[in-house]
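Given only the sequences and the hints, what does the whole structure look like? Please build it.
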Amino acid sequence: MSSETSQRTTERGRIRVSGFDVDRVESRDPLSSWEPDLQSEAGRGRLEYAWERFKRNRLALFGAATIGLMVLLAMFSRPIQLPGSFPVLAGQTVQPLSLAPADPANQDVITGYREPTLENVLTWPPTGLYLFGADWAGRDILSRVMYGGRWSLSIGFIAVAMALLVGIPLGSIAGYYGGKVDELIMRIVDMLYAFPFIVLAIAVIAVLGRGYWEMILALVVVGWLPYARIIRGEILSVKENEYVTAAKALGSRDRSIITRHILPNAMAPVIVQATLSIGTTVLVAAALGFIGLGLSPASAEWGVMLNVEQDAIARGRWWAGLFPGLAIFAFVMAINLVGDGVRDAFDPQGDQTDTDTGGLR
Amino acid sequence: MSLQRFVLKRGLITIPLLLGISMLTFGMVHAIPGDPIDFITLFTELDPQTEMEIRAEYGLNQPVYIQYIDWVTDAATGDFGRSIITRDPVASEIVERLPYTLVMGIMAFGVTLITAIPTGVIAAYYRNTKIDQASRVFALLGIAIPNFLLGLLLLLIFASWLDLFPILPPTDRGIISYDMLVYTLLPAITIGTGSTALLMRLMRSSMVEELDKDYVRTARAKGLPERTVVQKHVLRNSLISVVTVAAIQVAFIISGSVVVEIVFSYPGIGRLLVNRVGNRDFPVTQAIVLLIGVAVILANFVADVLYAYLDPRIRY
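Chains as they are written, first to last, in the numbering used here: chain A, 221 to 581; chain B, 13 to 328.
Derived from the structure by calculation, the hints contain no laboratory data.
Do not take every clue at face value.
[Unchecked claim] With a cut-off of at most 30 Å between alpha-carbon atoms, the simulated DSSO-like pairs for lysine-lysine come out as follows: (1) K400(A) <-> K459(A); (2) K468(A) <-> K400(A); (3) K234(B) <-> K244(B); (4) K400(A) <-> K244(B); (5) K142(B) <-> K275(A); (6) K142(B) <-> K225(B).
Remember, it's a predicted structure, so these values are computed and weren't measured experimentally.
Okay, here's the thing in structure tokens:
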């Protein structure tokens with residue numbers, strides 16, 4: 221591409237060509253090895269259009285607000301101190317606020333169950349406030365539900381992020397190169413798909429043992445499958461486009477073709493799936509906690525809280541398990557609303573009434 | 013392609029899959045750090061003579077691929093060795109609990125079909141009205157509610173408050189007894205709710221699609237009563253895609269049963285799996301995981317064949 225052609229397109233004619241930055245095309249050095257930024261104007265436009273549509277979707281915004289609120293409540297429920305092993309800032313308090321009305325681990329002087337009451341709501345800090353009641357050890361359930369979000373929510377977000385980091389590269393490689401690599405990766409995906417989500421996660425935990433990172437790893441082993449499948453399918457359809465052939469003809473390396481030309485055009489369904497997966501992952505993590513294969517019984521993870529109180533609920537102390545359960549429910553519901561909104565935003569022509577398999581496979 | 017050829021071709025694809033999942037479940041135990049013999053002997057100190065004997069008994073002195081072949085050939089005949097915890101044959105432990113899970117799964121499947129198809133049809137027929145909206149809200153709720161919470165709430169309401177069911181299952185009478193079958197309704201409804209929500213929406217969208225087709229207008233134009241149009245023409249065609257998804261719901265029901273059996277202390281396969289994973293009883297864990305994998309692969313196979321039978325277009 222010489223500078224004459226680019227000047228001709230910017231100065232001559234009455235048809236305005238959009239999709240590129242006129243000033244940058246004119247001012248760039250003709251002999252340099254110039255390449256457009258990863259986020260081209262066109263790509264940014266598509267995301268902007270999606271955001272415009274998403275903003276008008278009230279249900280999705282409501283879901284996003286709910287998630288934001290739950291994340292904030294979990295973060296500000298108790299102060300956060302950095303662990304002693306942390307470099308430079310060891311032992312420092314990075315988050316001083318404490319919104320939870322009681323210490324989630326503290327047992328009340330009178331131990332034992334207490335029904336939810338509304339007294340002392342208006343005083344702050346609320347003393348003797350059992351808005352959600354107290355559990356078997358006399359611990360304030362409201363505080364524990366707020367604090368427990370740290371486990372439940374972080375597991376969901378971290379596991380999905382890691383699953384994307386595994387699934388997208390593997391799916392891209394399979395889709396772009398095809399042949400034996402493709403066969404190998406997709407046969408592994410097929411094989412793992414033979415197990416329902418939670419059964420595979422249980423099998424991984426059987427091998428690794430219980431714990432926070434063990435659970436995340438188990439969820440990643442199951443979680444990367446849909447992304448690999450989706451991105452492979454998208455790449456197979458995108459890579460036939462002329463601009464990919466053009467990039468190849470210009471001598472771009474495979475990696476830059478995948479990351480600059482193919483992935484941005486194949487991401488929309490992955491983003492939708494990832495959003496919905498956060499809900500599924502939190503649900504499965506809670507289910508694992510509930511069946512006793514998740515975090516330790518001392519943690520306030522929502523599924524674990526239900527597991528500990530399982531008998532009490534069945535015997536009439538409904539508040540002990542209802543509120544942690546409702547927290548899971550509200551989060552999954554909110555994520556599903558956001559996920560549906562994201563899908564409609566990327567694909568406004570699609571059937572908007574379909575609900576996805578937000579739940580367990 | 014004839015149906016037979018399709019079945020054969022589709023069946024051949026499942027063979028490498030089955031081999032693959034058997035290798036995965038076998039490899040599971042070998043991925044655990046440490047010597048498998050420690051899990052068999054529960055970390056007791058042994059003199060070398062007994063250790064050699066135990067290794068020989070479990071085939072641990074053989075190369076890994078021989079161990080795998082032995083394990084697979086035994087598994088194919090239903091011999092999964094003995095449980096580390098109870099020392100009973102794994103197969104008999106599973107066979108003892110399998111009927112419970114099967115009955116529960118079939119009931120859950122029945123609950124799903126009986127509720128999802130009519131409600132989906134109604135939602136599609138009265139689309140974009142209050143009825144449709146209500147079904148959409150129900151679907152959203154049904155998908156988002158954790159099945160263990162739903163189970164606990166059902167127990168609380170029906171067993172604790174209304175006293176219609178016992179809190180613990182009456183297992184002493186066996187599965188084929190009135191009490192047990194009635195009790196199984198609770199877990200079946202719990203599992204079925206999620207599937208119902210999904211299947212109902214699927215039924216609706218597939219029905220909406222059919223209702224817009226030309227043959228429906230033709231049927232109406234020639235004066236057929238509305239009932240005949242919907243039942244004989246639209247429903248049959250829109251059921252095709254639903255039937256296949258219903259078969260795939262087997263995976264959904266299995267994963268539901270693992271959690272829900274814990275809620276209801278139900279003596280099935282899922283609870284056995286969870287208990288034994290906690291106790292690191294690998295022969296039982298392996299056997300159940302393999303069994304579930306095989307069940308899901310077969311269900312998918314059945315779904316594809318059913319689809320090919322109902323809709324000959326997809327055979328090509």
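Open item on the list: For each hint given before, does the structure comply? Return the numbers of the non-compliant ones in rising order.
Closed with: Violated hint (a single one): 4; every other hint is consistent with the structure.
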